[in-house]
Structure formats: C-alpha cells, structure tokens
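Student: Here is how the chains run, residue by residue.
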Amino acid sequence: MKRGFTRALDFRHGQVEMTHGSGGRAMAQLVEELFVACFDNEALRRLDDQAQVEVPPGRLVIATDSHVVSPLFFPGGDIGCLSVHGTINDVAMAGARPLYLAASFILEEGLPLSDLRRIVVSMAEASRTAGVPVVTGDTKVVERGNGDGVFITTTGVGVVPDGVNVSGSRARPGDVVLVSGTMGDHGVAIMSLRENLSFGTTIQSDTAALHDLVAAMLDSVPDIHCLRDPTRGGLATTLNELARQSGVGIVIGESSIPVRGAVNSACEFLGLDPLYVANEGKLIAICAPADAEGLLAAMRGHPLGREAAIVGEVIEDEHAFVQMDTAFGGRRVVDWLTGDQLPRIC
Amino acid sequence: MKYIDEFRDGKLAQSLGGAIARTANANRRYRFMEFCGGHTHAIARYGVTDLLPPNVRMIHGPGCPVCVLPIGRIDMAIEIARRPQVILATYGDTLRVPASGRLSLLKAKAQGADVRMVYSTQDAVRLAEQHPEREVVMFAIGFETTTPPTALAIKEAEAKGLDNFFVFCNHVLTPSAISHILESPEVRDIGTVPIDGFVGPAHVSTIIGSRPYEFFAEEYQKPVVIAGFEPLDVMQAILMLVRQVNDGRCEVENEFTRAVSREGNLKAQSLVAEVFELRREFEWRGLGAVPYSALRLKDKYAAYDAERHYGVADRQVADHKACECGAILRGVKQPADCKLFGTACTPENPLGSCMVSSEGACAAHYTYGRFRDIARKTAAGGAAT
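Protein chains in written order, with numbering that gives the first Met the number 0: chain D, 0 to 345; chain Z, 0 to 384.
Because the hints were derived from the structure by calculation, they are not lab data.
Honestly, I wouldn't trust all of these hints.
As the list claims (entries may be wrong) - Heads up, incomplete: computed chain Z residues facing chain D, CB under 8 angstroms, no partners named:
hint, residue
1, Met0
2, Tyr45
3, Arg369
For each residue, glycine too, the CB sits at the ideal point set by N, CA and C.
Take these sequences, add in the hints, and give me the full structure.
Tutor: Listed below in structure tokens is the structure:
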C-alpha cells in the first residue's frame with residue numbers, strides 16, 4: 000500500500016497550532032521533523048515515552064529548571080541554549096558530571112514555527128557542545144494568550160565522582176570565596192531589550208555550561224567546599240543562601256568583585272545594583288584558604304574562568320550576615336534581594 | 000564609570016573623614032539632618048557613618064516620596080486601578096507600599112487590577128496612545144524633581160489630543176516639609192531632636208534652586224548645605240556644616256554647584272506653575288496635615304485630573320498602631336527604636352512606609368546597616384556583665 004503523503008512542516012510561514020500538542024499525527028510530525036531531527040541521539044530515536052540510558056557508578060544528581068525568559072531571544076543567547084545551560088549548571092554545582100537532559104515544552108498557539116526551530120536548533124547546539132544529550136521530552140500547546148511563546152522545563156541527571164563532596168552547607172570560617180568572572184552580564188543583556196528599557200549596549204548574556212570548568216577546578220582542588228551559580232538574585236542573594244545554609248558569615252570586598260564597566264553604567268542608570276543582577280554562566284566557589292590560589296589558577300586557566308577573582312572570606316557569625324567592605328571605605332550589609340528586581344530573567 | 004567614580008573615591012573619603020574629625024570640636028556634638036532619601040541611601044550604602052567621628056551624627060529626614068505618602072492616598076490609587084477600564088502606571092517603589100486591608104498595588108495587581116511599572120511619565124503617555132480603548136492613569140508622586148516631568152506629560156497628552164490620559168497627583172513640596180519639621184515641638188521647644196543643620200536636597204534643588212532655603216537658614220538659624228547624592232558630596236557637605244556650626248554661621252551653602260544654581264531651573268519652574276497650583280493642605284505620613292505642602296492640577300487641566308474624573312474622595316487612614324514611621328520621619332526615633340523593625344516589619348513584608356523604598360530610613364538601615372545594632376547590643380550586654 001502506498002504511504003499517505005504528509006506535507007512537511009512549514010518552518011518559514013507556519014505556526015504552532017493546537018493540534019501540535021494533541022497527541023495526533025501533527026504532534027508526531029513536530030516531534031520527528033523538529034525535535035528528533037535536531038536533538039538526534041539513540042535514546043530519543045527509539046521514540047518511547049521515556050529514555051533508557053546507562054549510568055556510571057556514583058551518586059546520582061537530579062536537577063530541574065523551568066525557563067520563562069522574556070524576550071525569547073537576547074544578545075548572547077536565547078531561551079533554548081539558556082534552558083540547556085541552566086540545568087547543566089545546576090547539576091554541575093554538585094560537582095557532578097552531567098549526563099542526560101529531558102526537555103518539556105509548553106508552546107503557545109500561534110508561536111511562529113521559525114522561532115520554535117531557531118530555539119530548538121540553539122538548544123541542540125548547546126547540548127552537543129556540552130556533550131549532554133536531550134534524551135526524552137514532552138510537548139504541550141496552550142491557547143493563544145495563555146502562554147508567552149514558549150516555556151521550557153529541562154531536567155538533568157549526572158553523577159558525582161567518588162571523593163567529591165560539594166554542598167552549600169560546607170563553608171567554614173576562614174574559607175575563601177571566589178567568583179569565576181564578571182557579575183551581572185546576563186541580567187543587563189536582557190534588560191537592554193525590554194520594553195521601555197531600550198538603550199544601546201554591547202553587553203552579551205554570559206549564558207554558558209559550566210560543567211567543564213567545574214571538572215577542571217575539581218581536578219586541581221578535589222575538596223571544593225561549596226559551588227553555586229549566582230542566577231536570579233545575583234551574587235548578593237546567592238552568598239546569603241550559602242551563609243545561611245552553612246551557618247556562617249561572609250565578608251566580601253567591593254573593589255575585588257569583577258563587574259564590566261558597561262554593566263556598572265547600565266545599573267547606575269537604572270538604579271540597580273550589579274550584585275543583585277542575574278548571571279547564567281558564572282559560579283561562586285568556596286574552598287579552604289590553602290587551596291585558594293590553586294583553585295584561582297585552575298579557574299583562570301579555563302576559558303570560562305579567565306576573569307576569576309578572590310572576592311572575600313567566610314567568617315564566624317551566628318546571624319549569617321553577608322557584609323561588604325565598600326570601595327568607599329565603609330562597611331555594610333549585603334542583604335537578600337527584596338521583591339523582584341526584574342521579572343522573567345531566565 | 001566616568002563622572003561617577005570620582006565621587007566615590009575611597010582615598011578622598013578617608014582624607015575628608017580625617018578633616019571632619021580634625022575640624023569638629025571634640026567637646027560638642029553635631030547633629031545634622033539629611034532631608035533627602037537619596038542622601039539616606041548613599042550614607043547607608045557606602046557606609047559613610049563609619050568614616051565620621053562619633054560626635055557627628057546624621058538624622059534621617061522625611062525626604063523619601065514613597066515614605067511620606069499616607070495610606071489613604073494608596074487606597075485611592077487602588078480604588079482607581081480596580082476600575083476595569085483603567086491601566087494604572089506607577090513608579091516601581093510605590094507598588095509594595097502597604098495599604099488598607101492588607102493590600103498593596105502589587106496585591107491588587109495579582110487580584111486582576113491592571114497596574115504597570117513605568118520608568119517615566121512619558122512611558123505612561125505612550126501607554127495611553129497604545130491603548131486608546133483604555134484609560135491610563137499616572138500615579139504621580141514625588142518632590143519637586145518629579146513634578147516637571149508630570150507637567151510635561153500633561154502638556155504632551157494635550158498636544159496629542161489624548162482624552163484617555165489622567166494624572167493622580169500626589170506631588171509634594173520640600174520647603175513646606177522642612178519648615179514643618181522645624182516648627183514641630185520636638186525641635187522647637189522640647190529639644191528632643193536637636194538639629195544643628197541640614198544637608199539640603201540634591202535633585203530637588205536643581206529645580207527650585209538654593210534660594211528657597213535662605214528663609215530657614217535666616218528664620219530658624221540653621222545652616223543648610225545643598226549636597227549631591229554621591230557619598231563624597233555628603234561628606235564634603237558635613238565638613239561644611241561643621242565649619243558653619245563652629246563659626247556660628249547660619250548660611251545656605253552650595254556643595255552641589257555642578258548642578259544647582261541659586262535660581263534653579265526656571266523653565267521647569269514655569270512649566271510647573273502653568274499646570275499645578277497649591278493644595279490648601281495635604282496629609283504626609285508621619286507629619287500629619289501640612290499646609291500648602293502639595294500640588295494639584297489647575298482648573299485649566301481638570302480634564303486630566305484623575306481625582307476629579309473618578310470622583311475619588313480624600314480619606315484618612317490611621318497607620319499601624321505600633322508603627323513608628325511618623326516619629327522616624329520627624330527624626331524623633333531611629334529605625335532600631337521601633338518594636339516592629341526587623342520582626343513584623345521587614346522589606347519583604349513592610350508594615351510601615353519607611354521599610355518600603357530603598358530610600359526609606361528603615362529599609363536603608365535594614366538592608367545595609369543592621370549588623371551595627373547587633374554589635375551595639377553585644378557591646379551593651381558586655382558592659383553590663
């Protein structure tokens with residue numbers, strides 16, 4: 000019997016329709032012509048409802064992250080690569096080697112298929128570069144007006160090698176605090192595109208997968224105490240999380256924190272503090288003082304850590320305050336972020 | 000950052016701090032009120048107090064536009080925002096100010112009111128153009144600095160023939176607030192708030208000039224130094240105030256000469272005079288009803304006046320019983336003196352207005368300086384045992 004003819008998806012003029020999420024032929028076509036074609040790997044090709052994969056020995060790490068960034072495309076990236084990097088980084092911050100990703104899409108009816116393809120291609124590229132394949136997924140479509148283009152949830156699994164014990168609760172008085180590069184790039188890149196906030200800027204989002212940097216750091220210093228990526232809430236909020244978890248205080252020096260001139264200027268202009276602006280390709284590391292110089296060298300030796308710096312130290316403090324010696328010569332609290340500095344940043 | 004970093008230089012700050020310590024007479028205390036929230040914020044954020052000798056103390060004034068807005072005015076804004084045809088445009092800080100019935104504009108938004116944050120009044124005019132079927136109301140707040148942009152927006156709406164743009168006017172005036180503080184019994188008679196001088200407003204003064212302060216300096220015999228919002232500006236102004244006190248002078252001096260002249264911005268002043276007129280009185284949180292301290296739209300521009308258009312009536316709502324915002328805004332108390340500070344009232348769940356805006360005395364102290372309270376308490380406890 001002759002196979003029925005199916006018109007190929009129109010990636011130039013087509014748009015997402017309700018049928019693309021209804022479980023019928025249209026959905027099967029979207030899955031095959033877009034998702035499988037782009038993410039292409041053995042587990043996915045089987046087209047089961049789940050992926051079966053081999054896992055090396057060690058402690059399993061699972062992390063999940065939803066992405067609702069607006070706008071979908073921004074200088075230096077888009078929601079696609081961001082959704083890959085975000086989850087890989089969450090896995091990597093346990094000191095783990097990320098292995099596989101699952102991706103779940105909530106599409107809004109009317110989203111141009113060209114945009115969707117651009118996003119999926121970017122995701123696939125990010126996953127291939129990182130060496131972490133997307134092995135299973137799901138697609139749902141909501142009526143026009145009930146979503147905002149596309150929301151992507153990714154889940155990642157990875158394995159922590161033996162001897163590595165990274166946790167937000169391991170910071171000890173005397174430990175040294177390092178950051179892997181400049182603070183606030185992602186948030187300012189997004190803001191530069193926002194409605195009503197248009198100003199010309201050359202700032203690109205720093206979105207990047209950090210697991211390779213983490214591996215290089217662990218090679219040099221296996222006993223890193225804490226790792227965390229300062230995403231929403233920025234450096235300030237993440238340091239507060241770590242201080243609270245570990246029951247310690249942290250003192251940072253304002254003049255040692257790397258911030259790009261353009262980010263500083265944009266923040267000044269908008270009344271924001273770069274310490275609270277989101278990053279998507281940076282990490283904070285805390286280690287014993289004896290390991291600090293070695294760790295700094297390892298970070299600077301990696302392309303994603305070239306501008307790494309020692310920014311502070313852990314102190315004893317039952318109130319778990321994060322304090323900062325200002326460049327001006329005073330001292331102040333660096334508190335948790337209050338309210339929402341800017342919504343829908345990742 | 001050029002033209003900014005120069006005013007935040009740590010080395011200069013150290014030497015200015017040294018100069019203040021040398022100039023200040025060790026046998027007396029100096030208490031200066033910084034009127035503006037911008038100064039309060041700069042002092043807390045850069046840790047200026049760490050660089051001052053112990054006998055020079057700063058008292059936070061009421062110059063934070065969000066903080067002085069009474070609950071009743073926020074209630075009125077929520078009432079306007081809840082009308083289905085209305086888009087309420089507002090500056091970000093106002094969103095979280097607590098109103099009656101555990102509401103705020105942010106909560107009203109979550110319940111369905113169309114409340115949008117804008118960076119300028121021009122954005123609100125643009126919203127009105129983009130949504131001709133809706134009514135866009137600008138929730139206009141602030142001192143003399145933000146008043147000219149509101150006037151400009153009304154003129155722009157008039158020029159564009161927009162009949163769906165309105166202003167809910169809450170603009171207030173700095174000089175009347177300063178006189179009110181100086182007239183208060185705590186300052187005049189009881190002497191519980193001894194104020195030796197004022198750090199005068201920065202941005203407000205770019206509009207009104209330095210001349211309006213000459214009256215207080217003369218009448219109340221208090222020196223005024225107008226200062227910019229950068230930390231070195233504040234320190235330089237403090238040094239100038241200390242010198243005036245030492246010399247027994249009560250003059251208006253201008254540290255912020257790079258932006259402020261004696262006459263101010265005449266163009267902005269005439270624009271404001273064209274659109275606005277004085278209200279007979281206006282309620283300030285903490286200060287109560289202050290005569291001739293706020294503006295409303297002139298009859299000529301009544302068509303743009305949200306209060307008249309929606310017929311919302313002014314109302315008085317009492318603050319939380321234990322809230323000390325009033326006393327803090329008058330300089331009578333410090334944030335840590337309030338029972339609610341840091342317990343029931345935090346930046347996440349503000350009860351009082353001083354905890355809302357980053358320029359508010361409580362929020363600035365909570366966010367940047369509260370570790371000092373602990374040090375103080377520990378020191379006090381240690382001394383007792």
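Student: Check each numbered hint against the structure and report the violated ones by number, ascending.
Tutor: none
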